[in-house]
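Model the full assembly from the supplied sequences, consistent with the hints where possible.
The working numbering numbers the first residue of the sequence shown as 319 and each following residue consecutively.
One or more hints might be untrue.
Computed cross-link-like contacts, SDA-like style, restricted to lysine to any residue with a CA-CA straight-line distance of at most 20 angstroms [unchecked claim]:
#	residue 1	residue 2
1	Lys408	Glu449
2	Lys485	Gln497
3	Lys485	Glu428
4	Lys438	Gln419
5	Lys365	Phe355
6	Lys408	Lys366
7	Lys366	Asp382
8	Lys485	Ala385
9	Lys473	Gly406
10	Lys473	Gln484
11	Lys478	Lys414
12	Lys438	Lys408
13	Lys441	Pro451
14	Lys441	Lys478
15	Lys366	Glu410
16	Lys438	Ser417
17	Lys485	Ser388
18	Lys441	Glu410
19	Lys473	Asp435
20	Lys414	Pro447
21	Lys438	Pro451
Label-pair ranges, simulated between beta-carbon atoms [what the hints assert, rightly or not]:
#	residue 1	residue 2	range
22	Asp435	Asp357	28 to 38 angstroms
23	Lys366	His477	35 to 45 angstroms
24	Arg496	His476	18 to 28 angstroms
25	Ile340	His476	39 to 49 angstroms
26	Ile354	Pro447	34 to 44 angstroms
27	Gln497	Glu361	27 to 37 angstroms
Derived from the structure by calculation, the hints contain no laboratory data. Predicted model only: the values in this text are computed from it and were never measured. Yeah, the Cβ is synthetic: ideal placement off N, Cα and C, and Gly gets one too.
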Amino acid sequence: MKATGIVRRIDDLGRVVVPKEIRRTLRIREGDPLEIFTDREGEIILKKYSPIGELSLFSQQYADSLAQTSGHIVCITDRDQVIAMSGGPKKEFLGKEISPQLDNAITEREFITASKDEKKYVKIAENTPDEYPYQTISPIICEGDAIGAVCLLGKDAHHKMGEVEQKLAASAAGFLGRQLEQ
319 MKATGIVRRI DDLGRVVVPK EIRRTLRIRE GDPLEIFTDR EGEIILKKYS PIGELSLFSQ
379 QYADSLAQTS GHIVCITDRD QVIAMSGGPK KEFLGKEISP QLDNAITERE FITASKDEKK
439 YVKIAENTPD EYPYQTISPI ICEGDAIGAV CLLGKDAHHK MGEVEQKLAA SAAGFLGRQL
499 EQ
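Below is the structure:
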């Protein structure tokens, strides 16, 4: 059989190094969990594991409830993509890769409340329009790790986000983080 990829040897401890180019392309960082399984043909498959992805149905229900209560668009993300969306056009966000700015905000555990014209405004997902005038973002923390974010996006240019929206996002993020710890 002809090799079509990068060949690596297993060391004496059973470890294999995933090449830097592949880690960069797939946005796999040091310490990221990988799911390991086999298929019927005997292939070993490594898949990036998303703890919050395990709660995707629950996250969607929570996003629906939060959007209905707040009147804002709600996005729930893991470290790679938007996993739940409610209150707006799902096609724009659901399943889209998060922006490097949002990934950095999650990594730095930043709580952000900003308007579109402010420097700290963060694009939520790649290849999506920036047409939401206000946002509030709260990182989801589970067992000490930042694993995602709850984002409230304001549709109305006359309704600036404030303390209520900050507390809603923080409460949702805290609740989702605790659900994953159980």
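Hints, verified against the model:
1. Lys408 / Glu449: Given that 20 angstroms is the threshold and the Cα spacing comes to 14 angstroms, the pair holds.
2. Lys485 / Gln497: holds, 18 angstroms
3. Lys485 / Glu428: Holds, at about 14 angstroms.
4. Lys438 / Gln419: Holds: Lys438 and Gln419 sit about 9 angstroms apart, inside 20 angstroms.
5. Lys365 / Phe355: Holds: Lys365 and Phe355 sit about 8 angstroms apart, inside 20 angstroms.
6. Lys408 / Lys366: violated, 23 angstroms
7. Lys366 / Asp382: Violated, at roughly 26 angstroms.
8. Lys485 / Ala385: holds, 14 angstroms
9. Lys473 / Gly406: holds, 9 angstroms
10. Lys473 / Gln484: holds, 16 angstroms
11. Lys478 / Lys414: Judged against 20 angstroms, a Cα distance of about 26 angstroms means the pair is violated.
12. Lys438 / Lys408: Measuring from Cα to Cα gives roughly 24 angstroms; hence the hint is violated.
13. Lys441 / Pro451: holds, 11 angstroms
14. Lys441 / Lys478: holds, 17 angstroms
15. Lys366 / Glu410: Given pair Lys366, Glu410 is violated - Cα atoms ~23 angstroms apart, limit 20 angstroms.
16. Lys438 / Ser417: Holds, at about 14 angstroms.
17. Lys485 / Ser388: holds, 11 angstroms
18. Lys441 / Glu410: Holds, because 13 angstroms separates the two Cα atoms, which is no more than 20 angstroms.
19. Lys473 / Asp435: Since the Cα atoms of Lys473 and Asp435 sit roughly 15 angstroms apart, the hinted pair holds (cutoff 20 angstroms).
20. Lys414 / Pro447: Holds: Lys414 and Pro447 sit about 12 angstroms apart, inside 20 angstroms.
21. Lys438 / Pro451: Satisfied, since the Cα-Cα distance of roughly 13 angstroms is no more than 20 angstroms.
22. Asp435 / Asp357: 28 to 38 angstroms: For Asp357 against Asp435, whose Cβ atoms are near 50 angstroms apart, the range 28 to 38 angstroms is violated.
23. Lys366 / His477: 35 to 45 angstroms: Since the Cβ atoms of Lys366 and His477 sit about 37 angstroms apart, the hinted range of 35 to 45 angstroms holds.
24. Arg496 / His476: 18 to 28 angstroms: Violated, at about 35 angstroms.
25. Ile340 / His476: 39 to 49 angstroms: With a Cβ separation near 47 angstroms, Ile340 and His476 satisfy 39 to 49 angstroms, so the hint holds.
26. Ile354 / Pro447: 34 to 44 angstroms: holds, 38 angstroms
27. Gln497 / Glu361: 27 to 37 angstroms: Holds - the Cβ-Cβ distance for Gln497 and Glu361, about 33 angstroms, lies within 27 to 37 angstroms.
Of the numbered hints stated above, those contradicted by the structure are hints 6, 7, 11, 12, 15, 22, 24, listed in ascending order.
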